[in-house]
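Enquirer: What follows is each chain in one-letter form.
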Amino acid sequence: MSQKPILEVQNLCKSFSGIRVLDNITFNLEKGEVHALMGENGAGKSTFMKILMGLLTPDSGEIILDGERIECSNVHEMLKKGISMIHQEILMVPELTVAQNIFLGKELHRFSWLDENTIYKKTRELLKTLNVNIDAKAKMKHLSIADKQMVEIAKAISNNAKIIIMDEPTSALSDKEVSTLFNIIKDLKNKGVAIIYISHKMDEIYQISDRITVLRDGQYIATKAASNLPIKDLISMMVGREIEDIFPETEHQTGKTIIKVENLSQKGKFENINFEVKSGEVLGIAGLVGAGRTEVARAIAGLDEFEEGEILIADEKVKVQSPKNAMKLGIGYVSEDRKALGFIPHLSVKQNISLSSLPSLSNKWFISDEKESALANSMKNNLKIKASGINQKLMYLSGGNQQKVVIAKVLASSPQIIILDEPTRGIDIGAKFEIYKLINELKSKGLAIILISSELPEIFGMSDRILVLSKGKQTALLTKHEATQEKVMQYAVH
Amino acid sequence: MQYIKNLRQYGILIAFVAICLTLSYISPQFLTVSNWSIIFTQVSINALLAFGVTFVIITGGIDLSIGSVVAVSGVVAALLARNDNYPVIVPILGGLSVGLLFGALNGFLITKSKIAPFIVTLGIMTIGRGLALIISKGRPISNLSESFNFIGGGDIAGIPFPIIILFIVFIICSIVLKKTIFGRYVYAVGGNEQASWASGISVNQVKIAVYSLCGLLAGLAGILLTSRITTGQPNAGASFELDAIAAAVIGGSSTSGGVGSIQGTLFGVILIGVLNNGLDLLNVSSYYQQVVMGVIIIGAVLLDSWNQKIKD
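Line by line, the protein sequences are chains W and S.
In this text, residue positions in the first sequence follow full-length UniProt numbering: the first is 1, and each later residue adds one.
In this text, residue positions in the second sequence follow full-length UniProt numbering: the first is 1, and each later residue adds one.
Derived from the structure by calculation, the hints contain no laboratory data.
Virtual Cβ for every residue (Gly too), placed ideally from N, Cα, C.
Incorrect hints may have been included.
Chain S is faced by these chain W residues, among others (derived, beta-carbon under 10 angstroms) [stated by the list, open to error]:
1) E305
2) S335
3) F343
4) L355
5) L358
6) K371
7) S373
8) V410
9) P457
10) G461
11) T484
When the alpha-carbon atoms are kept at most 25 angstroms apart in a straight line, the in silico SDA-like pairs for lysine to any residue are as follows [as the list claims (entries may be wrong)]:
12) W:K371 - S:F182
13) S:K114 - W:K364
14) W:K364 - W:A314
15) W:K339 - S:G60
16) S:K114 - W:P94
17) W:K224 - W:K371
18) S:K114 - W:L303
19) W:K364 - S:S256
20) W:K176 - W:A138
21) W:K324 - S:S113
22) W:K339 - S:R129
23) W:K339 - S:S256
To list a few chain W residues with every Cβ distance to chain S over 10 angstroms, as calculated [as the list claims (entries may be wrong)]:
24) R20
25) T57
26) E62
27) D135
28) D147
29) V178
30) V239
31) K324
32) K409
33) T475
Start from the sequences, fold in the hints, and give me the full structure.
Expert: In structure tokens:
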């Protein structure tokens, strides 16, 4: 790697209304390397990436791309210069086809007529070089998230990207899809494309990246070769302190069965699901993406209907027909899709926390500001929600804090059963640790907890028993002591 | 202060003050009590409509039917108020029920059929206009009772009755939106419908209630208008919905939902009223007035989005 770096960033600074978000950032990127950018939420990663994308203008500092100094720029210019980004949230037009999306903004035409044939031909060639099996004529909205992501990558390549920024690209991918993605990344590396890789998943970082740069509180901390940086050191560089044990052990006793699910079935989604969760117990649900984990959770929480089976709470058959209904029965659900189903961006921390329990915070029709603020303040302190105050709007909070607010909202409705669907997706390691501690606290208070996660270490670290689903079927129900990583994976691909 | 903050748009406020100062400089009539009394009486109908449509817009919806509902409820109220046939409460309840009914119908169609509010209320707008013409046989209805005509033409202690109605409705609507569970749900549904539903809110009930409230206020506006012009006019209220929506938007409501306030809307209503009044005083032709109004609507939203950008 002795050649000149493709991207050099020196002394980059950026402030928002007087607050330094980036302070003297130094960064360099070699051709054909995968460079991980690590840091907690709020460390400045996304501001930095927005500057590279041309979405923001830095206050000072230099960006040298391929030997050429880049002045104040815009998105189109950066795209032309070869910087593309694969977004966490996919930005595609759902009603257009794969090929139309890839060529969006650079449609081929003969005179004024769109040259659709060539677009489809070129797209097929492109997808072939990526070794992915996606129909160029399929509408974007019919694709799985994994396939959508592959299309994003194909689009970046079609832009002749020299640098591809990947922001949490695997957050919605199954293990198999992740390995396909990693193969594509290796191919890109060989072609000399440089990749900036952002992820909160440690195992992936070590699997794929050559070097790691850590940012903390807007400052550059260090750049190290991944092979020379033990995970413990990396974490303490990110959080600025040492974290002893990621999964805190607690002594606890389980009590009576709180919820029992019998023969739960819904055509095309899941069939014959059976389990029970006791007071003070965490049941982990493992499985690949598409195994039906979220579907089962949604059915129990009243978001979807199911055709057959029973749900029993405290040995009594109950009917859950709507989320409202489920909450009355004491079932709280924290969705995997925080943005779509979790919070109201325009409402404040206080207003979001109280949303599901307003009748109990009101005198007749009128909301009691006193009761509402008291609830919000106590939740803010207990869950360590970082916000300027309980009146800050949720749209201005980081992902981890938004998630804590969503959990606070569910807890405020005093559930006996809480379903946590990917509770730590896309949030930083400090906030993750706090959510794990919170789960243990809820356990000791006697709640029955259902934890769905794609991260096996999380499932293993937190659960008392593990239910494994595969293609909508229940393939195993293991105790903590029986379960091993290999066993769970075997049952998951069953 | 909170009130001004809620408007989120100092720019438009400054523009408003500047317009008032200029007008009072040019026309000595402008800053008189009697002129402001005229302005508030003139805007009272638009205010009632705009308050209702503000609720709808905050949920992320739209109601184009209110202008026609003004006509139908006005015609029905006029029929009941003719020749002292019934006590005055009968035409009032009649007009309000018609408004409520139309609003509830909008709400039901929107929630049950999942057709976009724009389309449903467009359809109801046409139906309402047709019904107003059918009921009145296309002719104005006059000879209304004296007590009915008091609603739009009378005064209490020198304050015109429409202004009293305006402020009572203003206070009720502000309290409902800011202080009650229902009001909070209105913001929640507009901010994120799916998340509201998953949080245990009966989204459909909230929507039906909001359109019903909007219809009810349109019914009240219909009564007020009919009483003011002392005639039930089947052609009345045409394009009133656009003024109401304009007032809400100038007042900071976002048509994508989740944002807005009754105070802001009142400000929008007054701004439109002052502008029309001032341009009248200056003898500016109504053709130009329309052009100015359009510029103000777009300008207000532009200023608003600039403000948002600076904030982010």
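Enquirer: So, for every hint listed, does it hold in this structure?
Expert: Do the hints match the structure? See the list:
{"no.": "1", "hint": "E305", "result": "14 angstroms, violated"}
{"no.": "2", "hint": "S335", "result": "6 angstroms, holds"}
{"no.": "3", "hint": "F343", "result": "6 angstroms, holds"}
{"no.": "4", "hint": "L355", "result": "5 angstroms, holds"}
{"no.": "5", "hint": "L358", "result": "5 angstroms, holds"}
{"no.": "6", "hint": "K371", "result": "12 angstroms, violated"}
{"no.": "7", "hint": "S373", "result": "14 angstroms, violated"}
{"no.": "8", "hint": "V410", "result": "9 angstroms, holds"}
{"no.": "9", "hint": "P457", "result": "28 angstroms, violated"}
{"no.": "10", "hint": "G461", "result": "27 angstroms, violated"}
{"no.": "11", "hint": "T484", "result": "35 angstroms, violated"}
{"no.": "12", "hint": "W:K371 - S:F182", "result": "17 angstroms, holds"}
{"no.": "13", "hint": "S:K114 - W:K364", "result": "32 angstroms, violated"}
{"no.": "14", "hint": "W:K364 - W:A314", "result": "31 angstroms, violated"}
{"no.": "15", "hint": "W:K339 - S:G60", "result": "17 angstroms, holds"}
{"no.": "16", "hint": "S:K114 - W:P94", "result": "20 angstroms, holds"}
{"no.": "17", "hint": "W:K224 - W:K371", "result": "50 angstroms, violated"}
{"no.": "18", "hint": "S:K114 - W:L303", "result": "18 angstroms, holds"}
{"no.": "19", "hint": "W:K364 - S:S256", "result": "30 angstroms, violated"}
{"no.": "20", "hint": "W:K176 - W:A138", "result": "22 angstroms, holds"}
{"no.": "21", "hint": "W:K324 - S:S113", "result": "22 angstroms, holds"}
{"no.": "22", "hint": "W:K339 - S:R129", "result": "42 angstroms, violated"}
{"no.": "23", "hint": "W:K339 - S:S256", "result": "16 angstroms, holds"}
{"no.": "24", "hint": "R20", "result": "17 angstroms, holds"}
{"no.": "25", "hint": "T57", "result": "14 angstroms, holds"}
{"no.": "26", "hint": "E62", "result": "26 angstroms, holds"}
{"no.": "27", "hint": "D135", "result": "29 angstroms, holds"}
{"no.": "28", "hint": "D147", "result": "23 angstroms, holds"}
{"no.": "29", "hint": "V178", "result": "28 angstroms, holds"}
{"no.": "30", "hint": "V239", "result": "27 angstroms, holds"}
{"no.": "31", "hint": "K324", "result": "4 angstroms, violated"}
{"no.": "32", "hint": "K409", "result": "7 angstroms, violated"}
{"no.": "33", "hint": "T475", "result": "29 angstroms, holds"}
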